[in-house]
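> Take the given structure of chain U and dock chains C, H, L, G and D with the ligands to it, following the hints.
Protein chains in written order, with our numbering: chain U, 1 to 219; chain C, 220 to 415; chain H, 416 to 638; chain L, 639 to 1090; chain G, 1091 to 1381; chain D, 1382 to 1732.
Among the hints, erroneous ones may be present.
[As the list claims (entries may be wrong)] Result set (BS3-like, lysine-lysine): computed pairs, CA atoms no more than 27 Å apart in a straight line:
hint, chain 1, residue 1, chain 2, residue 2
1, U, K73, G, K1263
2, L, K1079, D, K1386
3, C, K346, H, K508
4, L, K1040, C, K255
5, L, K740, D, K1386
6, L, K1040, G, K1156
7, G, K1139, G, K1159
8, L, K1079, L, K688
9, L, K777, L, K740
10, L, K1079, C, K255
11, C, K377, L, K1079
12, D, K1457, C, K377
13, G, K1159, C, K314
14, G, K1159, G, K1191
15, C, K314, U, K73
16, D, K1386, G, K1375
17, C, K313, G, K1375
18, G, K1156, C, K377
19, C, K346, H, K588
20, G, K1172, G, K1191
21, U, K129, U, K10
22, L, K688, C, K256
23, L, K688, L, K777
24, G, K1156, G, K1139
25, H, K464, H, K526
Because the hints were derived from the structure by calculation, they are not lab data.
Values in this document were obtained by computation on a predicted structure and should not be read as measured data.
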Amino acid sequence: MATLRHQQEKLGLDTFLRGLWEENPVFVMLLGMCPVLAVTNSTMNAIAMGLATTFVLVASSGLISLLRNLIPKQVRIASYIVIIATFVTVVDYAIQAISLDLYNALGAFIQLIVANCVILGRAEAYASKQRLHTTLVNSLGMGAGFTVALLALGTVREVLGNGTLLGFQVMPANFEPWVVMILPPGGFFVLGSWLLLFAYIRQRQDQRVLEKGGVSDAR
Amino acid sequence: MQGESLGFIFLNAAVVNNFVLALFLGICPFLGVSAKKETAWNMGLATLFVMLVSSVSAYGINWLLTELDLMFLRLICYIAVIASAVQLVEMFIKKFSPSLFRSLGIFLPLITTNCAILGLALFQTAKEYDFLQSVVYALGAGVGFTLALLLMSGLREKLELAEVPAVSQGAAMSLMLAGLLSLAFMGFAGLGGSHG
Amino acid sequence: MMQAAPSTPGFRMIRTLGAIAMLSGLLVVLVFRWTEPIIAENQRIAIEKAVFQVVPGATRRVDVVLGADGIALATDAAGEGETVYAAFDEQGKLKGIALAAGAQGYQDVVKLLYGYDPACSCIRGIKILKMTETPGLGDKIAFDPGFLRNFEALSAVVNASGDGLTNPIEAVKHGHKQFAWEVDAISGATISSVAVANALNRSMQRMAPLIQRHRDALGEVVR
Amino acid sequence: MMRLLNLFRRHKTFSHGGIHPLEYKERTAGLAIRRLPFAPRIVVPLAQHKGAPAVPLVTVGQQVVRGEPIAGADGHVSVPMHAPATGRIAAIDLWPTAEGPKAPAIVIEVSQAANQAVLYDEPVDVLALSPEEIVQAVKDAGLVGLGGAAFPSHVKLAAPPDKPIRTLLINGCECEPYLTCDHRVMLEKTDALLHGIRIVMHATGADRALIGVEDNKMDAVRAIADKLPDDGPISVHAVEAKYPQGAEKMLIESLLGEQIPEGGLPLDLGVAVYNVGTLAQMGELLPLGRGLIERVVTVSGPAVVHPGNYLVPIGTPVGFLLQQVGADAAANEVILGGPMMGMTVASLDVPVTKGVSGIVVYAAGDADQQPRTVYPCIKCSRCVEVCPMHLNPSMLGQLAQKREYGRMEHEHHLSQCFECGCCAYVCPSNIPLTQYFRIAKAINRETPTVAV
Amino acid sequence: MSSLQFVGVAVAFMSALGVVLASILVVANRWLFVLEDPRIDDVEDLLPKANCGACGTPGCRPFAEKLVKGEVDPGLCTVNSKDTNQIIANFLGVQLGTHEKRVARLACAGGAHVAYIRASYAGLGSCRGASLVAGGGKGCAWGCLGMGDCATVCTFDAIHMDRHGLPVVDADKCTACGDCVDVCPKDLFEIHPVSHRLWVACRNREFGDAAEAQCEVICTACERCAVDSPEGLITIRNNLAVIDYGKNRLASKVAIERCPTGAIVWREPDESVIKGRDARKIIRKTALPVG
Amino acid sequence: MFKGKPVEIRTAPHLKRPQGVDEIMRNVVYALLPIAGFSVWQFGISSLALIVTTTLVAMLTERLFSHLSGRGNTLKDWSVVITGILLALTLPPGFPLWMAAVAAFVAVALGKALFGGLGYNVMNPALVGRAFVQAAFPVAITTWTPAFAPGRFTEFVPSTLTLPFMKPNPVGEWIVGLNIDGFTGATPLAMQKFQHIFVSTTDLFLGGVVGSSGEAPALLILLGGLYLAARRMLDWRIPVGVFAGAAAVVLPLWLYDSFTYPSPLFVWFSGGLMLGAWFMASDMIASPVTPLGAFVYGALIGVLTVVIRLFGGLSEGVMYAILLANAASPLIASITQPRVYGQARRQGGRA
Ligand SMILES: Cc1cc2nc3c(=O)[nH]c(=O)nc-3n(C[C@H](O)[C@H](O)[C@H](O)COP(=O)(O)O)c2cc1C
Ligand SMILES: Cc1cc2nc3c(=O)[nH]c(=O)nc-3n(C[C@H](O)[C@H](O)[C@H](O)COP(=O)(O)O)c2cc1C
Ligand SMILES: Cc1cc2nc3c(=O)[nH]c(=O)nc-3n(C[C@H](O)[C@H](O)[C@H](O)COP(=O)(O)O)c2cc1C
Ligand SMILES: Cc1cc2nc3c(=O)[nH]c(=O)nc-3n(C[C@H](O)[C@H](O)[C@H](O)CO)c2cc1C
Ligand code: SF4
Ligand code: SF4
Ligand code: SF4
Ligand code: SF4
Ligand code: FES
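Bound conformation, chain U alone (with noise of 0.2 Å):
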């Protein structure tokens, strides 16, 4: 049947960028918060979740765009998440073989990908409605989007807390961290201010549209 969402979309930049910025999974979204939080005390840390994620996430989303027609409804989630828990395996393993430490540092979250709702939730909502190219194109801005909030977290939080930048010193030698940056009360502070300032800077946006008379971009 003719269901009413199914429309087909067309591949474009706008597919890509829309996960950067106007769909971004953890600053609009809300969405895979918890490696945003746990893993970004530092931006090493931060990175490789960020690429691992995007890996998964691109993966499985083909996988499921292109198997789309052949699962039935009711096993629907479950074949996914089967999907998605054999490529987080594989990343798993693959972190471990190429450093323990970084395996260590990541703690169980490489393996909490698969419960990483971006995942499901672009599963759901995109890969299993759409073709594989747009599919693909689109998780990749998802992944990008999701790697750049964990960035924006990791380097606040790796500066103000440690005085380092992906290890290096960047503060005076004389300075004092903040430790409650990597503690788990910044993780919710930093991505709170980061909200707060977007919403700061939508709500001057939408203030400048008023004043000049025109109407703010809602319909």
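Using the frame of chain U, we list chains C, H, L, G and D with the ligands on its own:
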């Protein structure tokens, strides 16, 4: 660890290393479903229940996989079994208590994909808990999750009635609140450990 | 779509999920087989690095299971007991035993590896393997030079009856160390320091007598 | 132990809440009741009481004599009106009321020549009548509650057989600041009051009557007690002077130790509550067979030159009354009733009605009139402490600000609030809590769907 | 265990797991299936979720249920754009349904520049609150208090207060949800189809000079409109002109021409207001003094 | 009379009790001043600088945010002055001023302005500020300096004047240089917890022990608190609840083993419990409005404080206990709603 007492495991999972506020697990539902006390309570109970189910299943699977020497399949098996179990529970509730389903409705699928559930399974394996310890761990984690959710929902309901500045309404405020809660929970650090 | 449930044959569901599971099993097992040796090698290097760090002068290690009724090579996997790493120098002389230990710290369990030298009845070094202590405070136990100096020769002498230590290993407040078996705590991180001392003490109370009893046999395992 | 406590709390009172603002009663408490001249025009609104408005019995241009019925009751919960003065019916027209909306009223042009004697009376021996006849007589007299609510008095007399009235409470608390009319009535019309009590006891079959008087009026307590036998069915009790001791729910709790169930009436406890003024009027009017045409009104307040207790014909415009007693040049606010629950009038043409027990006039710049900064609720819990109905005004106020009227009713018992104003009086944030609650109740009444 | 065996065991285990789980789900599906028309969710997704009630149901979900059952037309939702309603209609295979646009109208024209104030109100800035305090202090006891409860309550931002403190309805935005009707303490709003062109913008029930002493745009019950119009279209009740919209087709601008105050008006299809030629021209821009 | 000017209409009640928010807040400031004064006498100009810094920064932050959100000048309600002073009183006397400024900014911005200012904060702003710096600078905030140091009125504690964002200047040598007998840098609570040494209650009562700048003079705190309670400016149930809750946990333990566990008196008078119970737990905005709720809330603070002190990793728990109870207060309020008149079980008619 073999030596840990059940009481300590419970306290540790519930408050000291609270899943949401200290370990960052299950943040998405924590932010999503904490607007009303009632839904928070329901969600907390549902999660507690699923955690128990998942803890027991994970213990079983782990045993089976160790016997078969297939440990590398652990992640896939955990998630597949937990997801199926949750889906079963969902159908079951939908069938037998539509009212409960309406109040828990959307949460059940949310719980499936919730890192806290999977994290619980992975952590209990990593900590090599025996069966009883695993169950208590799940209980503690569930209670801690419910507690965090309830506190959060109380605060958010209170702020519903406040004149919150436009900028800080919504997700930003929820995160700041979570941060404050997390800051307060730091007071529990080291609770139950032997000090002095 | 509404009547989807009855109209999808159960067989199709089973077949699809089965097939997907099979494929995923295949993929994972292949990756696992491929990375297994690399990971094992990584782990070996990591363990050796740690063992050689806590037992100064060692260059070879042998994994041994040490229990009440004797010792066995870990590869034989017989007997009850705890896996320890016997460390030897180039000449095959026993330089010390590396053991794992753990205790509750400020936030969570602190896990560490330490080297015990049966010849001097003392601990020769420690390495923190895993902890979540507060950065900038409790995490100093991993690298604070002053604190690590405690473990260059921390006394752990087996008592006369051979079932424990003569003097338990204990942490004391910063600047109050008097005896060779005391650990001088880090100022401001007493709890983390206590955790290290507790871990060592608990492990040593049990293991030091065993090591001393089987000291000769341990020296032999290198062959 | 209890006795020790009683040292601190000599007189009975209700269990929770209440306030004690300055009383301001001393200016008028000692002044005997006096009459004032008739106003040139008297306005008798047809709806002065709770229930259906009365229907006019007269036509424009007709001459009426003081005490003559000019409007008849329309149904059970309704009372007739009597001409408060001899004169000519000038109009039956819309007239300003204290509540706001204009409402029909009979306007009488007072005849300056007449001697204003009451010619309509049919003396009877009330205690010889049957209860039904008494109820009818009370109704014919146009008696309503003079304590403020103006509820037709006969309705309360006619208790259904399954809920007989056992106890009569007579409310002489007069807890509102400034007001002293009930105080004067108790002192000056003690006999009429006691006679009224006996009539009601006779009509209802109640076997005891308790008069509750606040302990700041001990002279009234003594005056009444002097006329009562020690062990008779009627007794007088001092209760703690504390606002709103006079609210019937509080008084019942103070004197009987019971609470009216939520949504219930005093009747559910076998109790009827009457104001002392009501019963004094009953004791006076019924034997003469007359109608209610005047009442005692305390006129006071910082801006009044000659405060006092005045016997005022019903229908006298407030403006005329103030001319007689003299008002300060700066006077700018006129309250019908007491300052805690009374209503300000928007027009001085508004007449004194049966329910008006006092007129309080403030001048611009009085301390209680200063504009105050309204802060957000600081959750200080004072309102919760003073609310005699044990409500949570803080929460109610916050919900009202967010227009959550349904939740106010369903989760926080809004309808139990009787608008006593204690919460708004104490609120340090100056939140107009009581006004919020009035708005919420009005909206809930009109749109029941909101309250779902 | 040989490599091949190892791979074999793993693959076999996973297949078995997949089959077992799928079987359980299949069985469960059979036993536990709950029938619910999935189109309800789909339709609800397309509704605006304003839950305003303009469609006559308590909210969007019940409306969706009724739509799917075919009990109502999609066109009843006045909040959605026409296009979206058309999508719903196509999806359900039904007609959109024709529904005339309805808007909220105010029965008062007494802004601060024409209506007298008799007492100054101090308290909460809420019409309802003011109306409970001696009616609010306005000379006309029926008139708009101008504190904007209606503008606050309108979810669709369709009401703004003009410079004289009168609410003005933006016909494009108004969805006829009726919230303003409920909230106004003076009951001054009514929902009308835009085809009702004749409109009495007054509720005052007093007569002649007494009325005119309260407001300059007041219905004085002079009966000119009633006399000029076809029989029965306009009657005077309680000193107020009342239009019988059952005879709407007889309505014409003739009715407004001789109104001395401009209390009866003609509304163009875009809801703009036309007054009669005899109506008093008011050039005052400032508020009348209080008193 | 009434000629030419309109009558005023307004709503009942027409009487108003005069005590307003600003008056309450001002009185709390008065009650705090003696404590602040004692702190200055005890710790000298470092303490004075600390108090001035936090108060000024808190006020500036409040002004900034009230301006940004268009709420007018909210300094007039005085509440932010309390926040500033109380914050200083909970910090160590030698706390670097720049860190104190951070604490004050966070206190007002994160603890209050974010949620809409006065009346809407969900946790005690001063304690939010303190908890933030405790987590950010855990070493600095546990570095204690001696009271009654000679020359305290002429020289600052070295760490006080640390350059912004830099590590605190070390105080170890300075303290040794002071040559004060028996100064160990440990608070009575730390001594009790880690060394099982109990400081006498009299010392605690009269001040002069190591600790935060304002926690020492239990007597002054008590008097200030009683003054406010008598004027109904704070809810007496809260401090009473705190003391009851603390005693309920510690009394059985103390009776069981008085060597390991402190006495209730020690618990009441040591650390910040007095200051916390009277001035910080009692902040009405983050505590339940219901009378029973206030007591439960207080008791929860007492219990949590003792639990954290005795069984947790920290030696002092008042701050966290109050923050946790603040977080729980909406829940407490919702389960302790007053039983409405007429809903009662009938009280036996005693007529
Ligand atoms: C946020 C925070 C984190 C802390 N982290 C640790 C820690 O990781 N390890 C530790 O031993 N103490 C930590 N502490 C301090 C302890 O609670 C305790 O004060 C200290 O161990 C006592 O040591 P001292 O007597 O040398 O000051 C921390 C305190 C705070 C406030
Ligand atoms: C519909 C209705 C019916 C009432 N019926 C009775 C009644 O039967 N008996 C009675 O004693 N009072 C009755 N009352 C009066 C009230 O209990 C109460 O005395 C009156 O509303 C004024 O009380 P107040 O001034 O304390 O508010 C009734 C009131 C209303 C509104
Ligand atoms: C807050 C409040 C205060 C009241 N104070 C008095 C009072 O002081 N004296 C009084 O007679 N009635 C007072 N009433 C009215 C009584 O509740 C009750 O209606 C009256 O005593 C019934 O008698 P009545 O019908 O004869 O007037 C008060 C009512 C309320 C709600
Ligand atoms: C009795 C009392 C205690 C107070 N305690 C505090 C406090 O501990 N911390 C604080 O920031 N403000 C306190 N305040 C001030 C005020 O309530 C506080 O700034 C608000 O929390 C800000 O919304 C107190 C006020 C009073 C009346
Ligand atoms: S006005 Fe209502 S809420 Fe306020 S104290 Fe009186 S009864 Fe309670
Ligand atoms: S008295 Fe006022 S400020 Fe205090 S709790 Fe009640 S409403 Fe809030
Ligand atoms: S129309 Fe009604 S609600 Fe709107 S401003 Fe006028 S009086 Fe207020
Ligand atoms: S509130 Fe009134 S003006 Fe606003 S949309 Fe509803 S009907 Fe129209
Ligand atoms: S990423 Fe953890 S719950 Fe969403």
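> Quickly compare the C-alpha distance for L/K777 and L/K740 to 27 Å and report which way the hint goes.
Holds, at about 26 Å.
> Is D/K1386 within 27 Å of G/K1375, Cα to Cα?
holds, 22 Å
> Given the hint that G/K1159 pairs with C/K314, test it: the Cα-Cα distance must not exceed 27 Å.
holds, 23 Å
> Given the hinted pair L/K740 and D/K1386, is their Cα-Cα distance within 27 Å?
Roughly 22 Å between the alpha carbons, so the hint for L/K740 and D/K1386 holds.
> Hinted pair, alpha-carbon criterion (27 Å max): D/K1457, C/K377. Please report holds or violated.
holds, 25 Å
> Does H/K464 pair with H/K526 here, judged by a C-alpha cut-off of 27 Å?
Given that 27 Å is the threshold and the Cα spacing comes to 16 Å, the pair holds.
> Taking 27 Å as the top limit, are the C-alpha atoms of L/K688 and L/K777 close enough?
The hint holds at about 13 Å.
> Does C/K255 sit within 27 Å of L/K1079, going by the straight-line distance between their CA atoms?
holds, 25 Å
> So if I understand the rule, the pair passes when the alpha-carbon distance is 27 Å or less; does L/K1040 with G/K1156 pass?
violated, 31 Å
> Please verify whether C/K346 and H/K508 have alpha carbons no more than 27 Å apart.
Not satisfied, since the Cα-Cα distance of roughly 35 Å exceeds 27 Å.
> Taking 27 Å as the top limit, are the C-alpha atoms of L/K688 and C/K256 close enough?
Distance ~42 Å between L/K688 and C/K256 Cα, so the pair is violated.
> Does U/K10 lie within 27 Å of U/K129 when you go C-alpha to C-alpha?
Satisfied, since the Cα-Cα distance of roughly 13 Å is no more than 27 Å.
In the structure shown, a violation is registered for the earlier hints numbered 1, 2, 3, 6, 17, 18, 19, 22, in ascending order.
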